[in-house]
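Here are the chains, one letter per residue:
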Amino acid sequence: MTERLRRHPELQAWLILAIPVIFLLIFFMAPLVIVFVYSFLERGKYGGVEWVFTLDNIRRVFDPLYFKTFVRSFYIAIVTTLVTLILGYPLAYFIAKSPPSRRNALVFALMIPFWTNFLIRTYAWLTLLRTHTGLINVTLMNWGIIDKPLPLYGNDFAIILGLVYGWLPVMVLPIYAALERLDESLLEAARDLYASSAKAFRRVTWPLSLPGVVAGSMLVFIPSLGAFVTPAILGGGKSLMIGNIISNQFLGAHDWPFGSALSMVMMIAMLIATLIYFRWTKKSEDVT
Amino acid sequence: MNDAYAVELRDVVKQFGDVIAVNHVSLQIKDGEFFSLLGPSGCGKTTTLRMIAGFEMPTSGAIFIHGEQQGYRPPNKRPVNTVFQNYALFPHMTVAENIAFGMEMRQVPKDEIQRRVDEALAMVRLAGMGNRKPKQLSGGQQQRIALARALVNRPEVLLLDEPLGALDLKLRKAMQIELKALQEEVGITFIYVTHDQEEALTMSDRIAVMNNGVVHQVGDPESIYEHPADRFVADFIGETNFIPVRVVSLSPEIVVALGAGQQVVAGWAEEGLSVGDEAVLSIRPEKMDLLEPKDMPKSPSQQMAYVKGKVTHLVYVGADTRHTVVLGDGSEVVVRLQNSYIGEEPWEIGEETIVTWNAAHARILKE
Amino acid sequence: MSAPMPPPTTLEHARWERFKSKLGGWSLTTYGILAFAFLYLPIVILVIFSFNDSRSVSKWSGFTWAWYGKMFQDGQIMLSIWNSLFLAIVSTIIATVLGTLAALGLERYRFRGKTAVDSMFYLPVIIPDIAMAIMLLIFFNMSGIGFTPWKVNFFGARLAVPYSVIIGHVAFNTSFVAIVVRARLAQMDRTLEEAASDLYANAWQTFRRVTLPMLMPGIIGGALLAFTLSLDDFVITFFTSGAGFNTLPVRVFGMIKKGVTPKINAVSTLMLVVSLSLVVVSILISMRSGSEDSVTIGM
Chain X
1 MTERLRRHPE LQAWLILAIP VIFLLIFFMA PLVIVFVYSF LERGKYGGVE WVFTLDNIRR
61 VFDPLYFKTF VRSFYIAIVT TLVTLILGYP LAYFIAKSPP SRRNALVFAL MIPFWTNFLI
121 RTYAWLTLLR THTGLINVTL MNWGIIDKPL PLYGNDFAII LGLVYGWLPV MVLPIYAALE
181 RLDESLLEAA RDLYASSAKA FRRVTWPLSL PGVVAGSMLV FIPSLGAFVT PAILGGGKSL
241 MIGNIISNQF LGAHDWPFGS ALSMVMMIAM LIATLIYFRW TKKSEDVT
Chain P
1 MNDAYAVELR DVVKQFGDVI AVNHVSLQIK DGEFFSLLGP SGCGKTTTLR MIAGFEMPTS
61 GAIFIHGEQQ GYRPPNKRPV NTVFQNYALF PHMTVAENIA FGMEMRQVPK DEIQRRVDEA
121 LAMVRLAGMG NRKPKQLSGG QQQRIALARA LVNRPEVLLL DEPLGALDLK LRKAMQIELK
181 ALQEEVGITF IYVTHDQEEA LTMSDRIAVM NNGVVHQVGD PESIYEHPAD RFVADFIGET
241 NFIPVRVVSL SPEIVVALGA GQQVVAGWAE EGLSVGDEAV LSIRPEKMDL LEPKDMPKSP
301 SQQMAYVKGK VTHLVYVGAD TRHTVVLGDG SEVVVRLQNS YIGEEPWEIG EETIVTWNAA
361 HARILKE
Chain Y
1 MSAPMPPPTT LEHARWERFK SKLGGWSLTT YGILAFAFLY LPIVILVIFS FNDSRSVSKW
61 SGFTWAWYGK MFQDGQIMLS IWNSLFLAIV STIIATVLGT LAALGLERYR FRGKTAVDSM
121 FYLPVIIPDI AMAIMLLIFF NMSGIGFTPW KVNFFGARLA VPYSVIIGHV AFNTSFVAIV
181 VRARLAQMDR TLEEAASDLY ANAWQTFRRV TLPMLMPGII GGALLAFTLS LDDFVITFFT
241 SGAGFNTLPV RVFGMIKKGV TPKINAVSTL MLVVSLSLVV VSILISMRSG SEDSVTIGM
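Chains as they are written, first to last, in the working numbering: chain X, 1 to 288; chain P, 1 to 367; chain Y, 1 to 299.
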């Protein structure tokens, strides 16, 4: 038998992979398929489902009421990604330009917040942003800078802030990795060929760091789109994203087919957005 | 079944997809000899070695070790050990544990393992280093540990894959001498892969010169150097001049015509050449000499060739000087003259000269 | 020696260039400091107010340990801590084994259908947790596994941990472990395994004596990652625990919904300390194994 195994490495591979693959097939792929199937079923009278095929759920997803939330979620995700990019790129640059001995410490310092619980970090902002009792408003009012509390909570601003805060390290890391790998002599060559600092950045540094930007953007966009905790805590019950609507279908409304449909559409939207993004960045890569 | 050979390859072929890395190679490697596989990168020498070790299986053909056909035997069942190019010392084990590994796998009793590990360390002159980790050792020391780790298992054949490649020149030369001495002392067959022809010539009892998966010539260093079998070997080993010629006759004497028409005699011609073929006359620079035209002998011997030419270039390299001479038909040769003559005038650029050599040293090879 | 003196404008220009680059350097450093302040300030404030001598989390009234005392006396919180630990330990062990097997299979072999299997293992990492949470919720509901608990006595605490949550955690953690272990496998020197084989080790011995020890730092790194992710998970746990099972994050969420007090800050600080310790441990381990990307474990 061992002789057979050695002759056929494929068999070895399957033997080793058997358990993990079966596990994922049962507890990941099967649920995925079930969600897909559920999207087309009717909601049962007493919760649960009726095994009747219907397209109603899909139709409802595109109902202005819900579609509005989709659009808002996309808006929030895109803004979050942009803001993290704008804030994160200079930070990555800063770390990459630091003396090598300090770099590891800085990356470590960057990752510590990311390693702490997301819920807690969001809660921290809650205590800062709340309208009447949040630290920011309380302090500003105490110091007489404002006399009415600023609307920092329960709106898109709070959610975007919370998401940016949560995902900033994730945007910085791939960009830092790309910048760190950048060959200094390329920039020196650009300067030697009469490029100003700005030109050198635009024509050499930026394009070469682009893969890092793409990776970071994807890693921020997807979770932002599917955010649940952040809008739940910072949205004040008013600002909701797709994640919350989906959650409601399962906890409150007990409309599982509709929740599945929403989830399916969300995942497909993410897939399409990812593909478009990759296509678009590939094109700009080819141009440079 | 032939027990006289340590390793025998019979018509071995190795193909990777469309690429034929080893192309019908047959070799007979004798017991106790230091045998080198020599050739440029990609010639198939490492692949051949790996097939003997068992890391690759031949696509066709057979490999015998002391008469036993190996078939599909994996490396751990073959009576050979390998010294890897990058040493492949286990970084998480100490030097002693590295050396002991093979014996542990074969369940040699503990006290014997200990004894043999100490012996092995002494043999490579690293006694007492047993408790160190490989990364604490220098490149040269790591190389010797890799050697000890292999030899301690008393293999029938030791395979070495360019083991000295990572060492600097001085260390490499020293290790070459050590390895050769070690091989003679231990007495087992060494099969040594290298691309450095000087290394192969220095250390080997016999060399197989390979290119593009094919063995061009097998022989002892002197044969390889003095009597190269074809153009590749002549070119790869040492420095050679190639003069374009046409074959005029092959028997009773080998006569060829140089570009300008002059005919010279040669000592050997490659098989397969016929009268009228275009070929090259291969001769080593140190086998040639330069005469002043006024010193041309009145009745020149038929054994010697005398060709007119003009000196175009001189390079002083210390022990000798390389004189580039352009012959009548435009072809260039390099003649090496030792810088040991006192009182003679050195050659100057532009001087007319006569290049001369003994026909015995001239070999006619296919282009 | 006889070169003409450069005109003054060039020298000034050089000075200006130097000043600009110094300015650039300074502003970059300032930005860096501000950015790190932005990242750390909320956390620092959170910790500070856990010691606040009042019910407010925004008005400082004095220092006290009271909230920590209240936290440790709160039976529900303590129970949720035990739940979190047990869940993390169990799911980490399983996920590490599965993830390591997956990494070995995917990194070392080529076979038909490999791309499909490869992609499948990446999905749990990419998919947003809400989607995965409801997927599992439906599955467990529908399949009859339900939320049956594993009743176990864990260091004196009597726990009832639903199998569904354990499975859910294993489902996402396996992929993370696989990624980390795979990265380590990829940078392993293959000739070491050939050397072992050359020295008479069979496949199993080679794995046990050479591959596994060299892989260990990666496996431990993956395990630590899985442990941290499990401890920190909220969304998937929230949806797959059925009724009444709380891990610490789930408990915190409930507390936030009920009302904000420094007790939450205290719990948060505790979780912070635990997370930090885990990060430090993983850094130490990867430093010892001599790998260069010591801080990118988990990314």
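Rather than coming from a laboratory, the hints here were simulated on the basis of the structure. Treat the numbers as computed from the prediction; the structure is a model and nothing was measured. The beta carbon of each residue, even a glycine, is placed where N, CA and C say it ideally should be. Any given hint could be a false lead.
Derived BS3-like pairs (lysine-lysine); straight-line CA-CA distance at most 25 Å [stated by the list, open to error]:
no. : chain 1 : residue 1 : chain 2 : residue 2
1   : P       : LYS310    : P       : LYS298
2   : Y       : LYS59     : Y       : LYS258
3   : Y       : LYS20     : X       : LYS199
4   : Y       : LYS22     : X       : LYS97
5   : P       : LYS30     : P       : LYS170
6   : P       : LYS170    : P       : LYS135
7   : Y       : LYS257    : Y       : LYS70
8   : P       : LYS135    : P       : LYS77
9   : P       : LYS308    : P       : LYS294
10  : Y       : LYS59     : Y       : LYS70
11  : Y       : LYS258    : Y       : LYS70
12  : Y       : LYS22     : X       : LYS199
13  : Y       : LYS20     : X       : LYS148
14  : X       : LYS97     : Y       : LYS59
15  : Y       : LYS59     : Y       : LYS257
Quick list of simulated restraints, FRET-style, between CB atoms [unchecked claim]:
no. : chain 1 : residue 1 : chain 2 : residue 2 : range
16  : Y       : VAL281    : X       : LYS97     : 27 to 33 Å
17  : X       : TYR277    : Y       : THR29     : 53 to 59 Å
18  : Y       : GLY259    : X       : ASP56     : 36 to 42 Å
19  : Y       : GLY75     : X       : GLY237    : 28 to 34 Å
20  : P       : PRO40     : Y       : TRP26     : 52 to 58 Å
21  : X       : GLY237    : Y       : SER143    : 32 to 38 Å
22  : Y       : LYS257    : X       : ASN155    : 39 to 45 Å
23  : X       : LEU271    : P       : PRO91     : 55 to 61 Å
24  : Y       : THR29     : P       : ARG132    : 42 to 48 Å
25  : Y       : VAL281    : X       : ASP56     : 47 to 53 Å
26  : Y       : THR29     : X       : ASN155    : 30 to 36 Å
27  : X       : TYR277    : Y       : LYS20     : 50 to 56 Å
To give a feel for the contact side, a few chain X residues facing chain Y, derived at Cβ under 7 Å [stated by the list, open to error]:
no. : residue
28  : GLU10
29  : PHE36
30  : VAL37
31  : PHE228
Each hint, compared with the structure:
no. : hint                            : result
1   : P:LYS310 - P:LYS298             : holds, 21 Å
2   : Y:LYS59 - Y:LYS258              : holds, 20 Å
3   : Y:LYS20 - X:LYS199              : holds, 15 Å
4   : Y:LYS22 - X:LYS97               : holds, 13 Å
5   : P:LYS30 - P:LYS170              : violated, 30 Å
6   : P:LYS170 - P:LYS135             : holds, 22 Å
7   : Y:LYS257 - Y:LYS70              : holds, 18 Å
8   : P:LYS135 - P:LYS77              : violated, 29 Å
9   : P:LYS308 - P:LYS294             : holds, 12 Å
10  : Y:LYS59 - Y:LYS70               : holds, 20 Å
11  : Y:LYS258 - Y:LYS70              : holds, 16 Å
12  : Y:LYS22 - X:LYS199              : holds, 18 Å
13  : Y:LYS20 - X:LYS148              : violated, 42 Å
14  : X:LYS97 - Y:LYS59               : violated, 40 Å
15  : Y:LYS59 - Y:LYS257              : holds, 20 Å
16  : Y:VAL281 - X:LYS97: 27 to 33 Å  : holds, 30 Å
17  : X:TYR277 - Y:THR29: 53 to 59 Å  : violated, 32 Å
18  : Y:GLY259 - X:ASP56: 36 to 42 Å  : holds, 40 Å
19  : Y:GLY75 - X:GLY237: 28 to 34 Å  : holds, 29 Å
20  : P:PRO40 - Y:TRP26: 52 to 58 Å   : holds, 56 Å
21  : X:GLY237 - Y:SER143: 32 to 38 Å : holds, 33 Å
22  : Y:LYS257 - X:ASN155: 39 to 45 Å : violated, 19 Å
23  : X:LEU271 - P:PRO91: 55 to 61 Å  : violated, 43 Å
24  : Y:THR29 - P:ARG132: 42 to 48 Å  : holds, 44 Å
25  : Y:VAL281 - X:ASP56: 47 to 53 Å  : holds, 52 Å
26  : Y:THR29 - X:ASN155: 30 to 36 Å  : holds, 34 Å
27  : X:TYR277 - Y:LYS20: 50 to 56 Å  : violated, 35 Å
28  : GLU10                           : holds, 4 Å
29  : PHE36                           : violated, 10 Å
30  : VAL37                           : violated, 10 Å
31  : PHE228                          : holds, 4 Å
Hint compliance for this structure: hints 5, 8, 13, 14, 17, 22, 23, 27, 29 and 30 are broken, all remaining hints hold.
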